[in-house]
Amino acid sequence: MMTEKSKLPVPEKHELTLGFIPLVDCCVLVAAREQGFFKKYGLEVSLSREASWANIRDKVCVGALDGAHMLAGMTIATTLGLGFNKKPMVTSFSMNLNGNAITVSKALYERLLEKDANIENDPNLSAKALKQILQEDSAAGKPMLNFAMVYPYSNHNYEIRYWMAAAGINPDRDVALKVIPPQYMVDNLKDGLIDGFCVGEPWNSCAVSMGVGKLLTSGYQIWNNSPEKVFGVTRDWAAKHPKTHLCLVMALIEAAAWIDNANNRDSFANVLASDEYIGIEPDIIRASLAGNFNNHADAEPRSIPDMHVFHRYQANFPWCSHATWIISQMYRWGQLQEVIDIKQIAEAVYRPDVYRLAASRLGLTYPSFNYKTEGEQGSEWKLDDDDLDFKLGADKYMDNIVFDPDNVVSYLSGHKVENCLVELAQLEKLNR
Amino acid sequence: MARDNKQLNIMIIDELPERSMAMEKLLTNLGHRIVATASSGHDLPQLVSRYQPDIIIIDMDSPDRDTIEHMHSISAERPRPIVMFTNDDDSDTIQKAVKAGVTAYIVDGMHPQRVMPILETAMARFKEYQSIREELEKTKNTLEERKLIERAKGIVMKQQNYDEETAHKTMQKIAMSRNMKLVDLARSIIAAAELLRTGK
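Those sequence lines, one after another, are chains A and B. In this text, residue positions in the first sequence follow our numbering: the first is 1, and each later residue adds one. In this text, residue positions in the second sequence follow our numbering: the first is 1, and each later residue adds one.
Treat the hints with care, since some could be wrong.
[Claimed, not checked] BS3-like cross-link-like pairs, simulated, lysine-lysine; straight-line CA separation at most 25 Å:
1. A:Lys7 to A:Lys240
2. A:Lys86 to B:Lys96
3. B:Lys6 to A:Lys86
4. A:Lys190 to A:Lys142
5. B:Lys169 to A:Lys13
6. A:Lys39 to B:Lys181
7. A:Lys13 to B:Lys158
8. A:Lys243 to A:Lys39
[Stated by the list, open to error] Partner residues are not named here, just some residues of chain B that face chain A (Cβ under 8 Å, in silico):
9. Ser62
10. Ala104
11. Val107
[Stated by the list, open to error] Going by beta-carbon spacing under 7 Å, a handful of chain A positions derived as facing chain B:
12. Ser48
13. Ala51
14. Trp53
15. Ala54
16. Lys59
17. Val62
18. Asn124
19. Tyr151
20. Ala176
21. Val179
22. Pro181
Please keep in mind that the hints were generated in silico from the structure rather than gathered at the bench. Computed from a predicted model, the values in this text were never measured in an experiment. Heads up, the beta-carbon is just placed ideally off N, CA and C, and yes, glycines get one too.
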């Protein structure tokens, strides 16, 4: 990418500490450090491995970390004061698309398979099969099935709920849905404490390769190219260090482009797998980055080519429509109980302006608008503009419902299951 | 259950049993009751509903914070929702807690004044352990660094045919002129020597 040394911005602060959670998608930060992209912009970055999302949030809030690998929803939740700590956050860099999957125990997989042979091909079928099983269990007076995800304001939570609700399952009433830290998921599944989970990589791969569970559906199948992690900082920090922020975003865009290349992924798997970062078998990371999952012992691995998207399809652009969808889910599941101006919050947190500045300095093209309709495109597509050389990815939801960021309220009322706790009429009034 | 008005039920989640035992003693001396101590990975929601603690002290190295935080959002069915302890919106408490590496969750509606001494005690205890650990880390580092410098010096002596003192002074001079630490220069010398050896 084009960068002349003399034109590089000079960061206000060059020694930085950034936090990460040991998951495959932290690889963008790791690549930026190990491949010298941070250095190129005059940044000396230490990466701090954190034990919980709560730690990431609190440490960024009090300035113990300059910024972090963050759940997309966490930037919004923390800005709104949901989830224990209130502080305005911003993101100008979306770290990746997809990366999650729902894995179930072998026992539950067999039961689902009895209901429908095509459960792996279509999440609508697996969700319907689950609905049947839940009804049978309930009629027989059996205990509820247990599912887990990693954090209330995570896309893992919204994806597993979306999947269940598409078949009319109420995730708050029909199953027990709890939070389990990612590194404990596989053991919990093995010990029979849970029947399934929605988690990021490498934990689906780990469960599958240990023969503990079966990958039922990828997050991609629930919502094609859904946003996953972002690089988050506090609004104060961004205001105080605009050039450092710009340098960081430039370095991260370059790192993301580098790790999106299949050859680089293969060689980088060892670095990522080391104890300093994820601390797991390199082969598991390598297979996951290539999108291969050994779901059935004696068959070819199940291939999910877009399991990890780090740069292509404008993956790093912080779409305000993604933020708006996340807010819609906070309403849908009763997390957000206050009537707010949705777009105002989306635009306060998601800041494409800094991304655009970074991209243009790198000589890259980018979308000129902040919102797009989500759920209309079934395959990769191009904007109707000859000057733009990029393609965007498919963005369909499993139930083919379209999300129009201008009409969140009618979107909410269009779903079968929702546990919304605000008056939709009130919400409509503020968001017309 | 009749109990002293000032007595609080405390649950401790800590990876280090030694530290957790020390804390248990201190907090018991303050007149509180430790209802449960656990390391990570247990079924926390179950423990919490069984023991009904007023306050949960948790090691920030434990991934279980995320599990506890989720209990808040499913609190509709629970009589005692859990919130993170902050002293009325001031981020000062969180800052201090982050520094010490320990934090606390309390039942909703509990007055911060009642909890503050408990958190202070926990923070002090954690800080003490932190400084012990840092001290150990530091000794380990200097030892390792000294070993590296000795190794590099040996390489320079052999390659340049220097005596020990000249080798040391030369390395110091180069390190100073390049604005790098002696140990970093030593690492480069060792790396270069290894590269040459494997290249043969």
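Consistency of the hints with the structure:
Distance check on the hinted pair: Lys7 (chain A) and Lys240 (chain A) sit about 21 Å apart at the alpha-carbon level, within 25 Å; holds. Note on Lys86 (chain A) and Lys96 (chain B): the hinted pairing holds, with a Cα-Cα distance of about 17 Å set against a maximum of 25 Å. Simply put, Lys6 (chain B) and Lys86 (chain A) have alpha-carbon atoms about 30 Å apart, too far for the 25 Å limit, and the pair is violated. With a C-alpha separation of about 20 Å, the suggested pairing of Lys190 (chain A) with Lys142 (chain A) holds against the 25 Å cut-off.
At roughly 34 Å between alpha-carbon atoms, Lys169 (chain B) and Lys13 (chain A) are farther apart than 25 Å, so this suggested pair is violated. For the suggested pair Lys39 (chain A) and Lys181 (chain B), the alpha carbons sit about 18 Å apart, so the restraint of at most 25 Å is met. As the CA atoms of Lys13 (chain A) and Lys158 (chain B) are separated by approximately 42 Å, the hinted pair breaks the 25 Å bound. Between Lys243 (chain A) and Lys39 (chain A) the alpha-carbon distance is near 15 Å, which keeps this suggested pair within the 25 Å criterion.
The interface hint given for Ser62 (chain B) holds, since its Cβ lies 6 Å from the closest Cβ of chain A, which is under the 8 Å cut-off. With a least beta-carbon distance of about 12 Å to chain A, the hint placing Ala104 (chain B) at the interface is violated under the 8 Å criterion. Residue-level restraint check for Val107 (chain B) is violated (minimum Cβ-Cβ distance to chain A is 14 Å; threshold 8 Å). Because the beta carbon of Ser48 (chain A) sits about 12 Å from the nearest beta carbon in chain B, more than 7 Å, this interface hint is broken.
A cut of 7 Å between beta carbons decides the hint on Ala51 (chain A): the least distance to chain B is about 5 Å, and the hint holds. Taking 7 Å as the C-beta contact cut-off toward chain B, the hint placing Trp53 (chain A) at the interface holds, the least distance being around 5 Å. Because the smallest distance between the Cβ of Ala54 (chain A) and any Cβ of chain B comes to about 4 Å, under 7 Å, the interface hint for this residue holds. At its closest, the beta carbon of Lys59 (chain A) sits 6 Å from a beta carbon of chain B; the interface hint therefore holds under the 7 Å criterion.
For Val62 (chain A), the interface hint holds, since its Cβ comes within 7 Å of a Cβ in chain B; the closest pair sits about 4 Å apart. Contact between Asn124 (chain A) and chain B, as hinted, is not supported at the beta carbon level, the nearest pair being about 27 Å apart and thus beyond 7 Å. At a threshold of 7 Å, the smallest CB-CB gap from Tyr151 (chain A) to chain B is about 5 Å, leaving the interface hint in force. Contact between Ala176 (chain A) and chain B, as hinted, is not supported at the beta carbon level, the nearest pair being about 9 Å apart and thus beyond 7 Å.
The interface hint given for Val179 (chain A) holds, since its Cβ lies 4 Å from the closest Cβ of chain B, which is under the 7 Å cut-off. Because the smallest distance between the Cβ of Pro181 (chain A) and any Cβ of chain B comes to about 3 Å, under 7 Å, the interface hint for this residue holds.
Violated hints, in rising order: 3, 5, 7, 10, 11, 12, 18, 20; the structure is consistent with all others.
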